[in-house]
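A.B. asks: Listed below, chain by chain, are the residues.
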Amino acid sequence: MSDALVSPAVGGALWAAAAGTCAVAARRVERHGDERLVPLMGVLGAFVFACQMVNFAIPGTGSSGHLGGGLLLSILLGPDAALLALTSVLLVQALFFADGGLLALGCNVVNLGLFTSYLAYPLVFRPIAGAAPSRRRLIAACLAAGVVGLQLGAFGVVLETWASGISSLPFRSFVMLMLPIHLAIGVVEGVATAAVVLVVRRARPELAACAAGGGPRSLRSLRPVVVGLALAAVFTGGVGSWFASSRPDGLEWATAHAAQGEVAAQGGLHDVLARAQRAVALLPDYDFRAAAASEESAAPPRPAWPAPRVGTSVSGLLGAALTLALVALAIGGLRLLRRKSRPTR
Amino acid sequence: MSRIDAALAHLGSLDELAARDTPAARLDARAKVVATVAFVAVVASFGRLELFRLAPLALYPLALAALGDVPFRPLALRIALASPFALGVAALEPFLDRVTVFVLGGHAVTGGVLAFATILAKFALSLGAALVLVATTGFDAVCAALERLGAPRVLVAQLALTYRYLFVLADEAARTVRGYELRAPAGRPDLRTATALIGQLLVRALARAERVHAAMRCRGFDGRLRLRRSARPGGHDLAFALGVAALLVVARAVDVPRVLEGVLTGRGG
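Sequence order for the protein chains is Y and U. For what it's worth, numbering that gives the first Met the number 0 labels the leading residue of the first sequence as 0, then goes sequentially. For what it's worth, numbering that gives the first Met the number 0 labels the leading residue of the second sequence as 0, then goes sequentially.
Keep in mind that the hints are not guaranteed to be accurate.
Label-pair distances were calculated between CB atoms; the ranges are [what the hints assert, rightly or not]: (1) U:82 to Y:201: 37 to 45 Å; (2) Y:336 to U:76: 22 to 30 Å; (3) Y:178 to U:147: 38 to 46 Å; (4) U:262 to Y:172: 43 to 51 Å.
Chain U stretches covered by chain Y per the calculated footprint, using a threshold of three residues with CB under 8 Å from any CB of chain Y [claimed, not checked]: (5) 57 to 67; (6) 149 to 160; (7) 207 to 221.
If you're looking for bench data, these hints aren't it; they were derived computationally from the structure. We put the beta carbon where it would ideally sit given N, CA and C, even for glycine.
Next up, chain Y with everything else stripped away, as it sits in the complex:
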């Protein structure tokens, strides 16, 4: 998931969900009180990066892949610590590696962390693997959990993109594109995870034993999911709709700007959302983007702006160029000042 595809309302809602889940997970790890876990989590977080450097050929496709590591962390650390470790990996990736982004961080924590740690691991992996899994059971459990985790994550990406309304990819074809690809990725992830766990079990049996033991806590570990999803819902309804209602077009409309192409771009998702929003609205006279735009198109164009017909005006381009020139000028001045004030060596 990337910043460029997320709207503030969706990004904010998932940030709230991710933050709530992380807070619960952090409290549980702290209460657990095993300080050995702190360096272990740190080193394993770094390990996730390291194992992404080992590319392997995927049989039958000619392409290559690497281990994602979410499921592996859950197996080694348990869901709470795994979610925190994955969150820190994702934040470092967002800041340094340009994967994802700051606004999309919440989405990525939910898609890659929460689904694997709190749904796929306790509800799929643990029941299949049991307390002391045989080789075959371990592989089956990893395979199933890898597929389930990645399918949920892929579906999350599609839902978030669709709800943001930034990309014009149709929902159905996006689903048809994402899910089969991630089915294959999930199979590879599951098999590779199982193989790595088996290697560790051969080399250090005591570690694998401690990782597998932890008791069936599947019901208890569902709590963060419930907390996270509830927060997402509350946030979408509350702050999210505030954000959405302060969206550009509502504002632009209020200041009675004539819109050109924007009108043509409306409809589809935003109409659906607006209707849904009105049906379940907390604030009945809430004005959504598409509604504003359609009223706008019905209204006569402002006389102050010369005939803004769709398809003829380049309004804004010149202004943007001018703005950028001013920005460049300001930055140039700033840099010149800095160069002067810098101590000469």
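Take the given structure of chain Y and dock chain U to it, following the hints.
C.D. replies: Below, chain U without anything else, positioned relative to chain Y:
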């Protein structure tokens, strides 16, 4: 492989940039973290065709970079290196939305093309802001700021340690892969070999975690990581926060390019 190598070299260089004493580095880390998050949210708040309205927002990352003496070229290079993902995401837009939005020099510009450019601009702005934040603050200071802003302590410790061991473990992985490549005739390992390599890495990582823990215990570790804290915020920090807030509010509320265009053409916006 080479991608991560390059990214790691870049990672180290960002931290080196942040270690220098510049006006941007002296600003309170919390102010910069909050400003950057707000900036990214404002960038994202513009609609899919509002390319031109993003223009004034370029001021924030560029000004912070200028104040921090961060060279522009490596930043631009970094953003360009990361752009294939954004390009892939945006590439379908021109085919999906073929409604002409305006005509430029005899060529029809469709909504899809404009949306494509908007996605790329948003990507460059938000990534640029994140990179400049790290290049003017340093990762440890970002972690300390997060802790003071109320992030859970375990999570902050986790972040700081992940970053610290990133270089060590990535080096180890690079050596392992190089060792394999020197012995193997054909490029990439298959799944079985790769998992054996990863398993080895993991066993060594776990052993390292035990050694790290022992070393931390020797230095009196009690479950809490103590990060360096910056001084109290001063006048500069207030000025910075107000400046960023003013920029974001103006860019959000006023169509700056159109107003400027109105002034230039005398039509009035």
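A.B. asks: State, for the Cβ atoms of residue 82 of chain U and residue 201 of chain Y, whether the hinted interval 37 to 45 Å holds or is violated.
C.D. replies: At roughly 43 Å between Cβ atoms, residue 201 of chain Y and residue 82 of chain U fall inside 37 to 45 Å, so the hint holds.
A.B. asks: Between residue 336 of chain Y and residue 76 of chain U, does the beta-carbon spacing fit 22 to 30 Å?
C.D. replies: Check passed, 25 Å falls within 22 to 30 Å.
A.B. asks: Report holds or violated for chain Y covering the region 149 to 160 of chain U, Cβ cut-off 8 Å, minimum 3 residues.
C.D. replies: As far as the region 149 to 160 of chain U goes, the hint holds, because 9 residues have Cβ atoms under 8 Å from chain Y.
A.B. asks: Assuming the hint says 38 to 46 Å, is it satisfied by the Cβ distance from residue 178 of chain Y to residue 147 of chain U or not?
C.D. replies: With a Cβ separation near 42 Å, residue 178 of chain Y and residue 147 of chain U satisfy 38 to 46 Å, so the hint holds.
A.B. asks: Quick check: the region 57 to 67 of chain U, covered by chain Y? Criterion 3+ residues, Cβ under 8 Å.
C.D. replies: Three-residue rule met by the region 57 to 67 of chain U, so holds; n is 6.
A.B. asks: Within the region 207 to 221 of chain U, is the number of residues with a Cβ closer than 8 Å to a Cβ of chain Y three or more?
C.D. replies: With 7 residues close enough to chain Y, the hint holds.
A.B. asks: If I claimed the Cβ atoms of residue 262 of chain U and residue 172 of chain Y lie 43 to 51 Å apart, would that claim hold in this structure?
C.D. replies: holds, 45 Å
Of the hints listed earlier, there is not a single one the structure fails to meet.
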